[in-house]
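Respectively, the protein sequence lines represent chains R, F and L.
Count the first sequence with the numbering used here and you get residues 1 to 295, in order.
Count the second sequence with the numbering used here and you get residues 1001 to 1421, in order.
Count the third sequence with the numbering used here and you get residues 2001 to 2314, in order.
Rather than coming from a laboratory, the hints here were simulated on the basis of the structure.
We treat Cβ as the ideally placed atom computed from N, Cα and C, and that holds for glycine.
A couple of the hints might just be wrong.
To give a feel for the contact side, a few chain R residues facing chain F, derived at Cβ under 8 Å [claimed, not checked]:
hint: 1; residue: 32
hint: 2; residue: 55
hint: 3; residue: 62
hint: 4; residue: 64
hint: 5; residue: 123
hint: 6; residue: 148
hint: 7; residue: 149
hint: 8; residue: 234
hint: 9; residue: 241
hint: 10; residue: 251
hint: 11; residue: 253
hint: 12; residue: 255
hint: 13; residue: 256
Distance windows between CB atoms, simulated [what the hints assert, rightly or not]:
hint: 14; chain 1: R; residue 1: 95; chain 2: F; residue 2: 1353; range: 26 to 34 Å
hint: 15; chain 1: L; residue 1: 2157; chain 2: F; residue 2: 1345; range: 52 to 60 Å
hint: 16; chain 1: L; residue 1: 2082; chain 2: F; residue 2: 1062; range: 30 to 38 Å
hint: 17; chain 1: L; residue 1: 2081; chain 2: F; residue 2: 1336; range: 35 to 43 Å
hint: 18; chain 1: L; residue 1: 2055; chain 2: F; residue 2: 1283; range: 35 to 43 Å
hint: 19; chain 1: L; residue 1: 2029; chain 2: R; residue 2: 254; range: 36 to 44 Å
hint: 20; chain 1: R; residue 1: 48; chain 2: F; residue 2: 1284; range: 52 to 60 Å
hint: 21; chain 1: R; residue 1: 254; chain 2: F; residue 2: 1119; range: 27 to 35 Å
hint: 22; chain 1: L; residue 1: 2082; chain 2: F; residue 2: 1405; range: 52 to 60 Å
hint: 23; chain 1: L; residue 1: 2034; chain 2: R; residue 2: 41; range: 43 to 51 Å
hint: 24; chain 1: L; residue 1: 2055; chain 2: R; residue 2: 254; range: 33 to 41 Å
hint: 25; chain 1: F; residue 1: 1295; chain 2: R; residue 2: 41; range: 52 to 60 Å
hint: 26; chain 1: L; residue 1: 2295; chain 2: F; residue 2: 1236; range: 52 to 60 Å
Chain by chain, the residues run as shown.
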Amino acid sequence: MADTRTDGVRAPVGGGAGASRPPRVNAGSVATHAALSLGALVMVFPFLWQLLTAVKSLAEVSRVPPTFLPDDWNWTSFDEVFTALPFREMLTNSVLATAGRTAGQLVFCSLAAYAFARLRFRGRDVLFGLFLSVLMVPSSLLVLPQYDIIQQFGLLNSTPALFLPGMFSAFGTFLLRQAFLALPRELEEAARIDGAGTFRIFWSIMLPLIRPALAALAVITAMTAWNDLLWPLIVNTDPQTMPISAGLSSLEGQYETNYPVMMAGSLIASLPMLLVYVFLQRHFVQSVAFSGAKG
Amino acid sequence: MHRRTLLCSGLAAASAPVLAACSDEGGSTDAGGRTTLSYGMWDPAQVPGMEQIIAAFEKEHPDIRVRVELTPWANYWTTLKTSMRGGTAPDVFWMNAVNFQLYAAHDVLEPLSEHIERDRTPVDRHPEQLVRLYAYDGTQYGLPKDFDTVGLWYNKALFDKAGIKYPDTSWTWDDLRDAAAELTNPRERVHGFCSEMHRQFVLYPAIHAASGHVLRDGKSGFGDERSIEGLRFLTDMIDRGWSPPQSAMVESTARVRYWSEKAAMVHDLSAMAGQMYAVPALKDHGGVTVLPKGRERTTIIHGLANVISAKSEKKAAAWKFVHFMAGRRAAEIQAKSGVTISSYAGTQDAWLKSMPEFDLRHFLDMEKSAAPYPSSKNTAVWENLQYPLLGAAFSGKGGIEGAARTLGEQMDRALKEERQS
Amino acid sequence: MSVFPATAAAKSAGRRSPTSTARPAPRGQRTAYWFIAPLGLGFAVFYFWPMIQTFYFSFTKFGPFGGHTWTGTDNYARVLRDVTVWQALGNTLIYCGIGLLALPLAIVVAALLNRRGLRGVAVYRALYFVPFVTLPVAVGLVWNWLYSGDFGLLNEILGWFGVDRHYWVSDPSTAVLAIGAVMVWSTTGYYLVIFMAGIKSIPQDYYEAAELDGAGALRRFFTITLPLLSPTLFFASVICMIQSLQTFDLIYIMMGEKNPAVGDTQSVVGLFYKWAFIENAQGAAAALAFLLMLLIAGLTYLQFRLQRKWVHYG
């Protein structure tokens, strides 16, 4: 049992038991493919539409009946994005805001989630209920007082303003708490008998075991932060301090919107997020196994 | 620094408040001794034109810089209201009629009357109804920069196909109705007209053309017989199939139908001329004229104004900018950029000439007889009542009289609450 | 007695191994507070304090540019009297009911993606993530086109089967369902990410053992995947309920302002938004938000009570 302390994670399925079997081709997997492909088509269709809109002319975009494929493939919208917006600064702001918020949530939420799931202390359930209450009010309800606080800190029009409130999340705490709760209790007990301290158990035994949940939280938080709109617009009015989501939305007119440029901008802006996902999904689709945990 | 100091002492003699503003500015200048103003707006299409005006202004006032802050329309007012609390609002920003009285009543705008008098700002060169839209309790808080009127856009090719005459300045509602009937072609999914449930483009103009009113002396006009007559003219077109119902114009609006040559006639803004011009088919055979006459010939006029935040620490510089924006030079530059009609009389030539295929003159001609966009202190509250209550009648389900009367009663209740607040 | 499951877990663990942390030392207690402190501090500053302030404002008349006057429970009375609130509440409950359908859908897809030996899994996973990076405006545009009464694909297809054309999003009787469908579409990918992580936390050995026992795919799903996924599933069902009770953005994007069905599809948060940000009735809006919070808290409490019957913790 001593080896649990060093690392509980075993090789991923890809390299383990799963891949050593030859893939079975049968009616079942044909049906699976059919269902998954249909689902994937439904999922991707609006994105495809976005791509096609980006290469249409403004006139073609607002035509009835709508055209599916563009009359002319017109790539100028992609160039226009860069002249319409300070794209590089905005991208930098987005990256910083997203990184700050994601890192903050991973640290603060995992610490608190561990305590809520695995430690016993007075007032735990009340505190947890209190934390959850934050999820139960519309987030725009708190925008005004939050703005006042950021202003008192003198942080308006700054990068920290973009991610400060978002670093603290009831959603993340709840998600990670459930992940901790799902872990077998024996692991911890063994370590405790071996004399490991609470933080040590948290850091080197429990945390690695919820890696899939951490990765899922990272992906969801990063996406939320990347697409956040109302909050950045309120705290950072200076275009130089705005993230790309806010910048893109400013292309929206009162009566008419330049959809091709907007869609092109959004496509460019979503590339980094796709990369983050591809990088992180490796973690949350990787199996975790508990050596000797069954018992 | 010299110039600024001189200016300030010069002005100090003229007016005390300005002196206060000048001394306020001590701390907010940059290394070069220049004051930087922020200028809030929402229309990305107008940014290039505004930048040109700013360049001209900065040349005249080397000690002032102006930085554009563009906020999307959908969030403009929310953001502005929040930042007014905290004092991060732009020094100068765009205002519209719907929101103006709310801001003026809460003392968050800088009164301009004294400045106007002192600097002889050419207010009389702007349409009078428009200037009055931005006065509250006898004090002027905003100066118009542009205006919009609504005209009748038509598709000459569809008229030719139906073999009827194009609309002109002699048209009445009867002519419109007859033509709409002829032009409607269900097989091609073409409608003669679009009775779109749009307050500024369609509802208000129709109400006024029927000699009705939307708001008068703090009372709703929706229950008025004449107003109902105007609305009935619109829903009647839907009931007869000459206009698509509102339920069909949700995804494909009147404008989109006109662009796609599925609507022969629509009401639309002068500000949309540029976009119409960009559609090749319309540049070729689109036309525009005045709105047809009901009981009277009229349209709705609205325009944006520049206002100064009462919390601005750079009011002297801000006023110089607003004053400049209300002048002839700025108006000419704006007209040349082609997006909107400058409100300064006699500067619109460049705009007219920018699209020779369209007879844009009609939009200017309508200004004299136009009714101003109706507004009160909390306009949004009673405006929000309109679409949900009128929706069914505009979807071919009938009952416009009852719906309009209910709307009138509810609007009166909202206006009463507004007076008490 | 607590409704929160950690207690239950600790108890069951305590039953199994008496040496567990059933009776923590005071020092252990203090450690727990240190774990929570950073998050607690952030919450206090950025959420609890604003919530307290806003709660106070819900008893006042609140000026659009600051300033307020005490009006007692007027705002709450206004909310409860307003018929549009009750209509919005009805709609919101329907959205919630439809929104929860995303969960079974996401579980099935997650389980399918977990089938070992399935080719192209990585591609599917990437494709199912795409809604995350699709611009919300594009989502609104494409669905509105699909639903469009005159020119939409849906009517076109239904037309082949002789179904009459229908204005899906502007007819009050179908608009809520039409929006609900898009809601399910837009959240499935989200729960998929969560479920994939949950499934992957299930020790692989369990499956191997079951397979040796001759359990088929379906049985493995019901006897291993589902029970062991239940903590995640519980999380997802609470979150899904809370979020669909707060639906707003999607309705706004899909309906626009001039839709004749706009009143019939309004959600509670939509109403909140209208009052707070358009009609300058922040006090009443806050009262509405806190009443909604009360409802959500009640339902969440219920979920926590019920979980003991179906959630299995480690």
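Now for the hints, and whether the structure bears them out:
{"no.": "1", "hint": "32", "in the structure": "36 Å, violated"}
{"no.": "2", "hint": "55", "in the structure": "17 Å, violated"}
{"no.": "3", "hint": "62", "in the structure": "5 Å, holds"}
{"no.": "4", "hint": "64", "in the structure": "4 Å, holds"}
{"no.": "5", "hint": "123", "in the structure": "35 Å, violated"}
{"no.": "6", "hint": "148", "in the structure": "7 Å, holds"}
{"no.": "7", "hint": "149", "in the structure": "11 Å, violated"}
{"no.": "8", "hint": "234", "in the structure": "5 Å, holds"}
{"no.": "9", "hint": "241", "in the structure": "11 Å, violated"}
{"no.": "10", "hint": "251", "in the structure": "6 Å, holds"}
{"no.": "11", "hint": "253", "in the structure": "6 Å, holds"}
{"no.": "12", "hint": "255", "in the structure": "7 Å, holds"}
{"no.": "13", "hint": "256", "in the structure": "6 Å, holds"}
{"no.": "14", "hint": "R:95 to F:1353: 26 to 34 Å", "in the structure": "47 Å, violated"}
{"no.": "15", "hint": "L:2157 to F:1345: 52 to 60 Å", "in the structure": "56 Å, holds"}
{"no.": "16", "hint": "L:2082 to F:1062: 30 to 38 Å", "in the structure": "56 Å, violated"}
{"no.": "17", "hint": "L:2081 to F:1336: 35 to 43 Å", "in the structure": "55 Å, violated"}
{"no.": "18", "hint": "L:2055 to F:1283: 35 to 43 Å", "in the structure": "58 Å, violated"}
{"no.": "19", "hint": "L:2029 to R:254: 36 to 44 Å", "in the structure": "58 Å, violated"}
{"no.": "20", "hint": "R:48 to F:1284: 52 to 60 Å", "in the structure": "32 Å, violated"}
{"no.": "21", "hint": "R:254 to F:1119: 27 to 35 Å", "in the structure": "31 Å, holds"}
{"no.": "22", "hint": "L:2082 to F:1405: 52 to 60 Å", "in the structure": "21 Å, violated"}
{"no.": "23", "hint": "L:2034 to R:41: 43 to 51 Å", "in the structure": "50 Å, holds"}
{"no.": "24", "hint": "L:2055 to R:254: 33 to 41 Å", "in the structure": "35 Å, holds"}
{"no.": "25", "hint": "F:1295 to R:41: 52 to 60 Å", "in the structure": "56 Å, holds"}
{"no.": "26", "hint": "L:2295 to F:1236: 52 to 60 Å", "in the structure": "45 Å, violated"}
This entry does not satisfy hints 1, 2, 5, 7, 9, 14, 16, 17, 18, 19, 20, 22 and 26, going by the numbered hints stated previously.
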